[in-house]
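Quick mapping for you: the protein sequence lines, in order, are chains A and B.
The letter at position 210 of the first sequence is residue 210 when you use the numbering used here, and the numbering goes up by one with no holes.
If you want the numbering used here, it's the 1-based position in the second sequence plus 1000.
Keep in mind the hints are simulated off the structure, nothing from the lab.
Glycine residues also receive a C-beta, built at the ideal position from the N, C-alpha and C atoms.
Any given hint could turn out to be false.
So the derived label-pair ranges between C-beta atoms look like this [claimed, not checked]:
1. B:Gly1178 x A:Glu174: 32 to 38 Å
2. A:Asn282 x B:Ala1047: 40 to 46 Å
3. B:Lys1079 x A:Glu174: 29 to 35 Å
4. A:Pro86 x B:Asp1022: 41 to 47 Å
5. B:Glu1275 x A:Gln180: 50 to 56 Å
6. B:Asn1129 x A:Pro86: 51 to 57 Å
7. B:Glu1055 x A:Gly172: 53 to 59 Å
8. A:Asn26 x B:Asp1022: 34 to 40 Å
9. A:Ala201 x B:Tyr1078: 31 to 37 Å
10. A:Ala46 x B:Lys1079: 40 to 46 Å
11. A:Lys102 x B:Tyr1078: 45 to 51 Å
12. B:Glu1275 x A:Leu63: 58 to 64 Å
13. B:Pro1170 x A:Pro213: 30 to 36 Å
14. A:Pro86 x B:Ile1318: 43 to 49 Å
2 protein chains.
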Amino acid sequence: MKKEVTIGIDIGGTNTVIGIVDRAANVLAETSISTTGFPDVADYVAAIHKSIQEELLKDRNDLDLKAIGIGAPNGNYYKGTIEYPPNLVWQGVIPLCELFGKYYRIPVVLTNDANAAAMGEMIFGGAKNMKNFVVYTLGTGLGSGIIIDGNLVYGHTGFAGEIGHTIMVPGGRECGCGRQGCLETYVSATGIVKTVSELFALRRTPSELRRIPPEQLTAKMITEAAAKGDAIALEAFDKTADMLALSIVNTVAFSSPEALFLFGGLANAGKFIFEPTEKYVNEKIQQIFKNTVKVLPSQLMESNAAVLGASALAWKEIEPQS
Amino acid sequence: MKKEVTIGIDIGGTNTVIGIVDRAANVLAETSISTTGFPDVADYVAAIHKSIQEELLKDRNDLDLKAIGIGAPNGNYYKGTIEYPPNLVWQGVIPLCELFGKYYRIPVVLTNDANAAAMGEMIFGGAKNMKNFVVYTLGTGLGSGIIIDGNLVYGHTGFAGEIGHTIMVPGGRECGCGRQGCLETYVSATGIVKTVSELFALRRTPSELRRIPPEQLTAKMITEAAAKGDAIALEAFDKTADMLALSIVNTVAFSSPEALFLFGGLANAGKFIFEPTEKYVNEKIQQIFKNTVKVLPSQLMESNAAVLGASALAWKEIEPQS
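Taking the hints into account, I'd like the entire structure generated from these sequences.
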């Protein structure tokens, strides 16, 4: 009997990673192509097809490809489109799933990367037995994927799950979305850098971080400083956790998940982010939700999480509703 | 052929209303009993049963009772319980559906009143063809019912949909839940009264409302003053709408509904609340959600909405998933 597999495709601004994944989360083979090298998206899809057939599936008659899942910025699950992606070379509404239909007669499904991460957590990660949870991806921005009753929330438009763009501070920090005070301007790798700048102004405390030009300061440097006991770095984590906890308790009021998973850059700061977040969640949470929700690190390895997430989307598509 | 009906039971702090409802939203018969008159909840359920059998269903062999739906404060759909209700005579966890099981072998389901209102909107009201929408009930507090993919969101605990207790202003107004700055302290019949008090302090503008003792001031009086052009009343609606719009755009970022329905006291203020809310939603909403969501008045009559909502819960329970 052939082994059933799906393909996960992670479309990043620079590179596109393509992997074959079995049901046990093994990435059997992986390759990548440039995302930027194809001004015409039809050529790009042709190149992905070629990579799959001539590299990944070459001499693999033992594999039975069941479905393809794609994680892409501004991906719309309902329409199978990428819509007005700010960081990709293609413009407007790109009918990606339709283009794949030229080559494949199996299901091809697409969503944004944070939704794919949530699906990865459910199919392969720490949420295997959960029906209600939320994933916060803490990278340059803050993405989120919301699972309710075992399904991703896409909403009326297909774009639901933009917790990073909930407004936490009316009139607050300028956001890339054109508005002000969005969660991701506070809680993300770039957000904590801004918080450090704010603390430089507020506090007289010395800090080695004051020696670094703000443009070069990274969340990783702040984590390293925190590990050495730098007071500004520690307070920056505390303030970030405070805002994250506020978002978490509001998310809990909304959909009452069993767990919140933190994924990506900032989540790697470990206890510096998890301990204060837990403390503030306990302080802020509504009585009826006390002790009903956990804040957990993602169980997906960052190195292949995106491909696993995209693949999980494909597995979910072909598996009967549990 | 007998006519299929369900019973909707609305448990209020003072009275319990019980109605027979057909699939076309006709309340065929209605009665009520005192909620406070039964220190033992078993006696209360016996009294409801008696009212149903001896009043509502008496000489109605033409009716086929299919299910019972109950709307109750702190109702838990999963467990069929009322849990620690602050305003009822019974204490702790009350296994209401189980108690009904003594009398009925048909499905008996229970949820909180705002969830029931959302179900009523979907089965009988303005959301008949919608799969994703949210109802805000603007009464003394602010309740909410969230429908995603055609189902009420109960979450892991059964208590999801507490948008009234999302924290909008950290350190803000004291809330009955023991915390501060919850949405319902700003956006509700009592919230707008507080906003008027705040404006009395901020503004020098004369207002007839200044003649009324704050304890006696009601949202209805504020609406009447607004209708007469009272500047404080109009600004209070504007500020209420501003906060409501902030909550709405954050709700849209979360679950991307097709519509938000406003129900109850404050929603009756009509243009004074809807016009500024629409304006602020348009101002605040994230680009990708522009023009994807409507803010609408509930299409349920307030006089029988609670019984219809409870009945809708029962209908939803016995109808096949669409």
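Next on the checklist: Taking the earlier hints as the rules, which of them does this structure contradict?
Outcome noted: Hints 3, 4, 5, 6, 8, 9 and 10 not satisfied by this model.
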